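Student: When you get a sec, could you build the whole thing from the sequences and use the hints?
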Amino acid sequence: MAIRIIISGGGTGGHIFPAIAIANAVKRLAPDTEILFVGANGRMEMEKVPAAGYEIIGLDIQGIDRSSLWKNWNLPFKLLSSMMKSNRILKSFKPDVAVGVGGYASGPLLLAAKRAGIPYLIQEQNSFAGVTNKKLGNKAAKICVAFEGMERFFPASKIMLTGNPIRPDAVNIEGKQAEALAFFGLDANKPTVLITGGSLGALTLNQALKTHYSDLVNAGVQVIWQCGSYYYEELKLIQAIGVRVFPFIQRMDLAYALADLIISRAGAGTIAELCVVGKPTILVPSPNVAEDHQTKNALALVHNQAAIMVKDAEAVDVLVEQALAVLSDSSASQSLSENIKKLALPDADEVIAREVIKLATK
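Read in the numbering used here, the sequence shown has 201 at position 201, and its numbers run on one by one without any break.
Hints are computed from structural coordinates only; laboratory data are not their basis.
Don't take each hint at face value.
What the hints assert, rightly or not - With a Cα cut of at most 20 angstroms, we get these calculated EDC-like pairs of lysine to aspartate or glutamate: (1) K27 to E350; (2) K311 to D292; (3) K358 to D32.
Please read all numbers here as calculations on a predicted model, not as lab measurements.
Tutor: Right, here's the structure in full:
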């Protein structure tokens, strides 16, 4: 009899890509498994999950709007509605196990699973656990984490250090230098900086590049720039010699392959990929995230001499200058590359998938 698994969560690429990676790994290990996703209406997962070949049901749920508290007046009603719908989904689908990857939909679904006596696994991606995961951790069957020291938040007996699932196609960079040069139309004799603010873009990174990209060009440095669709119309005109601007890079493997230095936000999923890719990295944590968890993610690498961190508030003034300093110091670049590779956990998807299958078949 085929096992049945519900995977809940989403909101950003940092949640969705690991969720899909876990699902794909489960299907590789147990092809007959039936998988249902539960996400939040209007969020990225409602498009990305079906594109990956999986069914998804949306909950009418949102996070807390910290910028304007009055916008949260209907949040209790949405939570109640999402709980009721989660109960109906569980009764209809009858899962053997539930998996929460974080994001708005994860809380109501896992809470409903807890009340229904369905075992659930939490996949905590960040070095500072989210509020929902902390509350649900005590009753979780297993908690898969990506950073050391998570006993601060969860029962030690339930923690398993697995790393974060990554997109295998994105980190498969070996032997792709020539293809990457042709794809981006860049010069093999010039160093290349990749700058990415994640799937949605990052205003601070874009402002830093918009203000100082000429410093890179004048220093003979090429730029691959994922700016996000929201900012693309404004920034697409910046197509100087050796500067390539994209709303979203579909072939991230080629971008990683060509990069001599990567500048990025410090989302957990991105960091997991960067550890496998093993290129010198500058992290600019977003200040607009719960519990400032991106700073904590970045510091976990900085303390291992595996990355450089630039504060968001300082990035417009110093980021490009710091990038040029790293590129001009081959010894520092090599050290950063070697140290970040030591933190790689490339098989996280299958390690987590085995735990999910184990829980489902108990």
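Student: Hint by hint, note whether the structure agrees.
Tutor: Going down the list of hints, with the structure as the test:
1. Between K27 and E350, the direct Cα distance comes to roughly 10 angstroms. Compliance with the 20 angstroms bound is thereby established for this hinted pair.
2. The straight-line distance between the Cα atoms of K311 and D292 is roughly 12 angstroms, inside the 20 angstroms bound, and the hint therefore holds.
3. Among the hinted pairs, K358 with D32 is consistent with the structure: their alpha-carbon atoms are about 15 angstroms apart, no more than 20 angstroms.
The earlier numbered hints are all upheld by this structure, with none contradicted.
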